[in-house]
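Protein chains in written order, with this note's numbering: chain Z, 25 to 121; chain L, 919 to 1306.
Just so you know, the hints here were simulated from the structure itself, not pulled from any lab data. As the structure is a computational prediction, the values presented were derived from the model and not from experiment. Warning: the hint list may mix true and false statements.
Examples of chain L residues toward chain Z, derived with CB under 7 Å [said to hold, decoys possible]:
#1 Pro1111
#2 Tyr1115
#3 Ala1141
Which bits of chain L does chain Z cover? Going by a derived footprint, with three or more residues having C-beta under 8 Å, they are [as the list claims (entries may be wrong)]:
#4 1006 to 1020
#5 1156 to 1162
So the derived label-pair ranges between C-beta atoms look like this [claimed, not checked]:
#6 Asp964/L <-> Gln35/Z: 39 to 49 Å
#7 Met44/Z <-> Glu1155/L: 26 to 36 Å
#8 Arg1075/L <-> Ser50/Z: 24 to 34 Å
#9 Asn95/Z <-> Phe1135/L: 55 to 65 Å
#10 Phe1135/L <-> Ala59/Z: 16 to 26 Å
#11 Ala49/Z <-> Glu1155/L: 34 to 44 Å
Beta carbons: idealized from backbone N, C-alpha and C, even for Gly.
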Amino acid sequence: MSDKKWPETWQEVNPGCMVMRPGSASEYHTGSWRAKRPFWDKVKCIKCGLCYIYCPEGCITEDADGFFEANLDYCKGCGICAKECWTGAIAMANEEG
Amino acid sequence: MGKRVGIEVAIAAAEAAALCRFDMAAVYPITPQSHVAEHLSDIVNDGRVDATFMTVESEHSALSAVIGAAGTGARVVTATSSQGLLYMSEVMPIASGMRLPIVMIVANRAVSSPINIWNDHSDIMPMRDTGWITFFSDNGQEAVDMVIQAYKVAENREVLLPVNIMMDGFQLTHMVEPLIMPDQEEVDRFLPPIVPYATLHPDKPVSMGTLAMPEIFSEAQKAKDVALVKSIRVIKEVWKEWEAQFGRKYEPVQTYRTEDADVALVTMGSMGETAEVAVDALRREGVKAGLIKIKLWRPFPFADLKNAVKGIRVLAVTDRAVSFGGPGGPVCSEIRSALYDEPARPAIVNYIIGLGGRDVQVEDFIAMVKKAAGGKLSEPYEFYGVRG
């Protein structure tokens, strides 16, 4: 079952839909929900990390230079980072298509 | 061998859980269940079982807490009644959906409004579709026996479902009955220690209560339904083992003098014993009366019921709850549905009786049988004895 996204048949469902290995939630890429994507303006960014703290998905990380970026596999495009960024360094732009 | 004792049934039910060596109890007191909560607390406080008694602020928390404890592999017990059961209703399908072997003692009581603390079955009926195995006890002995049987059924690997035991409020809970309390050695022989299917332990991480997307939710529900339907095989097997060891027989549908019966009453719970006396009285008058007692409400014992009604002309089904604006009482609509496809089936009449502690006596059951003999009442379901 571990190599499948989900069980094919009801007979393959574990009792209680239990998942018998850790970390399976990370296999579900919530980034597919996203309608808008955050962009960081490195001129305005003061590396305060508020975006990292507020991100409800926990998908914003700090890079080697101290700037922040979102993991687009999981970023749902909620825009909380842009709303909370007090220097206005994050802009939300529509996804293409 | 067990010992015959005079004991209050609510206390005896708590003692039965202690004989099963529960690891954890979380109970919120509510009349008429409170003596179960108090006595479980006493048992833990006195160190008679090696267990935790968790004090909680509500029934919602009580059931949630035992779900958590059951997830770690503990043998758990909870109990409730009436509004408390309704307050648990959000958590009921979670317990069964997570396939956790929880045992709950329900002291059946009417639900508000108007407020009423006395006995009927309007608390359990809304829980019908939550996926729990549901036993109905007729008397204190059955309540005690069913608590012990429930663990063996719930923990069976083919079942892994929560079980609740119905015990009529006051009529049973507050009655001091002479009953046989099994002794510890006997219960240990019947019920081995719990071997959980999975446990919440950091050494071997698992996820319980997971998200299921539309692509898998139907399969998960089907798997749960199949587990509940198939559990009847294990229930019957456990009841046979019980009978072999303790000598008391349990069947999903129990018949009393139905062999040549013309009209048969159908009951669930403590009123079955009053109905037995009525059947005896009717038989003395030459009326071919019989009685069918349903002990297993979920999974519903369709085959056993069909077998039990063979040759009966009229079934007088009694219900102790109302399905407002519905087809009759919940037990009756279940039985009508169960027999619909049978080529030969009895006429069915439905009496709503014993609501909110209204007494139903032997003479009432006699009158119900006589009135039912015509095979039809003037209404689809009759509130028996209601004034006006």
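### Structure-inconsistent hints, enumerated in ascending order
Of the numbered hints given earlier, those the structure breaks are 1, 5, 9, listed in rising order.
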